[in-house]
Amino acid sequence: MRETRGKTIKGSVFRWTIFILVLLFVNFYQLPYYFSIPGDAKVLSEVIEVEEGYDYEGTLSLTTVRMGRANTINYVWSLLSDDRDLIAENLIRPEGESDEEYHQRQLVMMTSSQDVAVLIAYNEAGKEAYFENYGVLITSFVEGMDAERKLEVGDRIVEVNGTETLKAEDLLEELGSVDIGDEVDLVIEREEERQDVTLTVEKFPEELDPTGERGGIGIAHPVTDRELVRNPDVSIDTAQIGGPSAGLMFALEIYNQLVEEDITKGNQIAGTGSLSEEGEVGRIGGVKQKVIAADRAGAKVFFAPNENGLEGSNYDIALETAESIGTDMEVIGVDSFEEALEYLEQELG
Numbered sequence: 005m006r007e008t009r010g011k012t013i014k015g016s017v018f019r020w021t022i023f024i025l026v027l028l029f030v031n032f033y034q035l036p037y038y039f040s041i042p043g044d045a046k047v048l049s050e051v052i053e054v055e056e057g058y059d060y061e062g063t064l065s066l067t068t069v070r071m072g073r074a075n076t077i078n079y080v081w082s083l084l085s086d087d088r089d090l091i092a093e094n095l096i097r098p099e100g101e102s103d104e105e106y107h108q109r110q111l112v113m114m115t116s117s118q119d120v121a122v123l124i125a126y127n128e129a130g131k132e133a134y135f136e137n138y139g140v141l142i143t144s145f146v147e148g149m150d151a152e153r154k155l156e157v158g159d160r161i162v163e164v165n166g167t168e169t170l171k172a173e174d175l176l177e178e179l180g181s182v183d184i185g186d187e188v189d190l191v192i193e194r195e196e197e198r199q200d201v202t203l204t205v206e207k208f209p210e211e212l213d214p215t216g217e218r219g220g221i222g223i224a225h226p227v228t229d230r231e232l233v234r235n236p237d238v239s240i241d242t243a244q245i246g247g248p249s250a251g252l253m254f255a256l257e258i259y260n261q262l263v264e265e266d267i268t269k270g271n272q273i274a275g276t277g278s279l280s281e282e283g284e285v286g287r288i289g290g291v292k293q294k295v296i297a298a299d300r301a302g303a304k305v306f307f308a309p310n311e312n313g314l315e316g317s318n319y320d321i322a323l324e325t326a327e328s329i330g331t332d333m334e335v336i337g338v339d340s341f342e343e344a345l346e347y348l349e350q351e352l353g
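Just so we're aligned, residue 5 is where the sequence shown starts under my numbering, counting upward by one.
I should point out that these hints are in silico values taken from the structure, not numbers from a laboratory.
Only a predicted model underlies this, so the values are computations on that prediction, with no experimental measurement involved.
Don't be surprised by glycine CBs; every beta carbon is placed ideally from N, CA and C.
Where hints are given, some of them may not hold.
Claimed, not checked - Simulated crosslink set (DSSO-like; lysine-lysine; CA at most 27 angstroms straight-line):
#1 K154 to K131
#2 K304 to K207
#3 K207 to K269
What the hints assert, rightly or not - Label pairs and their computed distance ranges (CB to CB):
#4 E342 to R300: 27 to 35 angstroms
#5 R198 to G100: 26 to 34 angstroms
#6 T76 to E156: 32 to 40 angstroms
#7 E168 to V263: 47 to 55 angstroms
#8 D332 to R198: 52 to 60 angstroms
#9 E56 to R198: 26 to 34 angstroms
#10 Q34 to K207: 44 to 52 angstroms
#11 D266 to G216: 33 to 41 angstroms
#12 D266 to E217: 14 to 22 angstroms
#13 E231 to V263: 47 to 55 angstroms
#14 N312 to G166: 50 to 58 angstroms
#15 S328 to Q199: 48 to 56 angstroms
#16 E282 to D241: 23 to 31 angstroms
#17 E147 to V51: 33 to 41 angstroms
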């Protein structure tokens with residue numbers, strides 16, 4: 005009897021040990037995916053303040069998505085859930101980018117988005133706003149390429165092949181005509197000192213270009229380093245929210261504080277969409293989760309990028325999501341800041 009009881013205890017301990025090990029593996033082993041779930045609708049009047057700006061009764065809100073690295077539990081949960089999505093890791097961040105580099109890149113993109121929003125809103129309201137450009141800021145690299153070996157995150161490019169290069173668009177234009185094997189001469193600023201750096205154009209990794217025909221120097225996500233000069237002043241405090249997708253809603257909020265008429269007409273307005281310096285609204289990620297977040301917050305209207313009527317656009321996905329959750333919220337597709345403003349001023353009841 006004692007021997008049998010001892011075997012039973014040992015067997016029980018063994019099974020519990022296996023169970024705990026499996027549970028730990030399932031919980032902590034990270035898959036090459038991220039999961040996304042609905043975030044919040046953040047009222048922008050609480051984080052944006054224009055000097056001597058106007059108050060108003062309604063609300064304009066950005067919408068967020070919460071993301072995390074997927075373990076086995078989150079992976080299966082996302083497959084079974086209507087409001088969760090799985091996103092391949094290489095679509096979120098380049099291979100080799102650290103968590104800190106990714107976080108900093110998102111914050112840089114958010115700052116750039118805010119500056120563009122101020123520029124668009126101020127110009128529309130007839131206020132002074134313009135950029136002073138200082139160069140192209142390095143935020144991340146393509147792993148294994150020459151830029152990673154010779155440059156550092158935080159370096160600022162000011163010249164390419166003898167041509168002044170003060171904007172990210174200038175850099176892309178200068179690199180657009182290079183071939184694999186060419187050398188590219190850069191002038192960079194690092195810790196307030198200028199340095200000459202020569203990079204070789206190499207093939208992109210296979211996962212970025214399966215054809216093996218495209219080349220580059222390996223700079224990922226270049227950002228224009230610039231200062232926005234504006235009058236009156238404006239302060240924006242979005243804490244740790246990252247990415248460029250709130251540009252449209254930032255611009256609408258800032259504009260509404262600059263003008264006397266309340267474009268919300270007392271309603272709750274939410275939305276998403278990046279914003280270019282030309283006022284064009286661009287595609288973003290996580291629109292399904294953002295529609296859900298806006299609905300939960302009680303928004304009356306949700307703006308989504310229309311992408312010029314492209315099939316499968318953010319607007320199409322937003323409409324499908326709104327229908328699936330049975331919301332009364334009106335989804336409006338827009339291609340520009342002007343279109344969103346026109347809807348609020350002329351069509352919103």
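List, from low to high, the hint numbers that the structure doesn't satisfy. Numbers 1, 2, 3, 7, 9, 10, 11, 12, 13 and 14, in rising order.
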